[in-house]
Amino acid sequence: MSTIPTNDTSTVSEPELRRPRHFGRFLLPTYSWLVIAYLVFPIVVMVIYSFNRVISGLQLVSFAWNGFTFQWYRQWSNIPGLTSAFWLTLRLAIVSTLIATVLGTLLAIALVRYRPPKFRGKGGIEQILFLNIAAPEIVMGASLLGLFVTFNVARGFLTLVLAHVMFSIAYVTVTVRARLAGFDLSLEEAAYDLGANAVSTFRLVTLPLIMPGVLAGALMAFALSIDDFVTSNFVSGSSVPFPVWVYGASRVGTPPQVFVFGTVIFMVGIVFAVLSLGLSKKKA
Amino acid sequence: MTWNWSELPHVVNMYHPQFITSLIFAAIATLIDLVISFPIAYWIAFYGGRKKNFFLIMLLVPFFVSFIIRTLVWEFILSNNGIVLTFLKHNHLAPSNFHILGTGLAVIAGLAYNYLPFTALPLYVALERIDRRVLNAAYDLYANRRVAFMRVILPLTIPGIFAAFLLTFIPAFGDYVNQEILGGTSNTMIGTVIQNLFLIDSDYAGGASLSVVLLLISLLGIWLYARLLGSRTIEEYL
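So the sequence lines, in the order shown, correspond to chains A and B.
The working numbering puts the first sequence at residues 1 to 284.
The working numbering puts the second sequence at residues 1 to 238.
Reference listing, derived: stretches of chain B covered by chain A, where coverage requires no fewer than 3 residues with Cβ under 8 Å from a Cβ of chain A:
hint, region
1, 32-43
2, 79-88
3, 170-183
4, 195-201
5, 214-222
Below, a list of computed lysine to any residue pairs in the SDA-like style, where the Cα atoms sit at most 25 Å apart:
hint, chain 1, residue 1, chain 2, residue 2
6, B, 52, A, 216
7, B, 52, A, 178
8, B, 52, A, 212
9, B, 51, A, 267
10, B, 52, A, 223
11, B, 51, A, 219
12, B, 52, A, 274
13, B, 52, A, 271
14, B, 52, A, 277
15, B, 51, A, 269
16, B, 51, A, 28
17, B, 51, A, 31
18, B, 52, A, 267
19, B, 52, A, 215
20, B, 89, A, 40
21, B, 52, A, 43
22, B, 52, A, 279
23, B, 52, A, 269
Think of the hints as simulated: they come from the structure by calculation, not from any bench.
Beta carbons: idealized from backbone N, C-alpha and C, even for Gly.
Throw the hints in and build the complete structure from the sequences for me.
So, in structure tokens, the structure goes:
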């Protein structure tokens, strides 16, 4: 936490509410912490049970507490299907994030910069982007499967990448577009005046300025891809990503390693969130 | 390929109970989420102060764990010898043969948990946007807290409440993971039907028709939003 007083400009533009009486001071905070506890509760259960010993012959999670063990962390890679599903998910997330970030950023720039006479169908593209975010995911998954079957595309890593890029682009575009909204075009004109060509203007002026938006969009695409079950379940075919594997396994019994992976992914995600929060504070 | 319109009324007719179930489950879960998240969104927006970002991350915490794992953990928690039922039965708050898993109650609980952040964030955005000076003006004009809430805060949040409703209801309506993991074989939702038609029965025409109906229902909600609340797009709340 920074203690520099200049940081606190919000009180000038937005006067605080006058009467945070009993209600705001006691009831609401207590209630809010209870809601947060409710949100965190299953995660705590997951973390605790990743340390639970298993006594029966089948190595599956069970509700009885049999004592603390690091066994599942030591044997995290003991289940070949799970480990390879995890690596597949990671590769998939990296590839689809890279593609979706490039395409989504370019689309955002085009949408902000050009209007109908030059850019026909802009309104239509905006509608499609919105639909892409708002439609139930199962509709996307089902349509993609229908498409791949119609065109006779074998389902596997390629179809997974196509699907993940498809649902990530809209999020990247919306995020980058929000960042571009406050972009001062005269900065680019200044670069041109100083003799820069289009490529170096983009590389040296535009891109650095919209970088926070691009990174935020990329993070979002990555998170969506890692966690995606519904669409992946439709288009995965023979290459099975992590969530699809976990779902399939859970119908027979969940191995404790699933909770180990869940716990580690959770920790990494939290570290990233805290870091990006710290970064955005420093920049502000 | 030829056009064939008969598939659509046929599948709607055949699966309308599942549509009704999805509608009811998603609506109840969304209402629960609205009731749960309004006070916390209000608190963060008005009293969060410097810790606003921290609390927002806390609201998003479920998203750091895979959707499937979250739902599996709920299956684990709600199971017959899980924490919730053991506690209830131990204190004689529920009959000994009471169970949650495999009922609609479990599905609704799972939907409500998994989609809560989708409700809380748009509400937060709407409440955060309210100009504090308007509220202070109400107090200056001798409105008490209740009147100020009912006549200033609530009307200004209505677009946000509607957006939150749609952003929770639409994904919950098409969800099939909660139903499959927590609901067992009863109370089938439309998502499960679509999934089975595509992946098990290879009935692409039927599955696609149902998907189209699902999409149309979602679009109807968005169209109503634009119609009733004007040009402010729902996108602002994403």
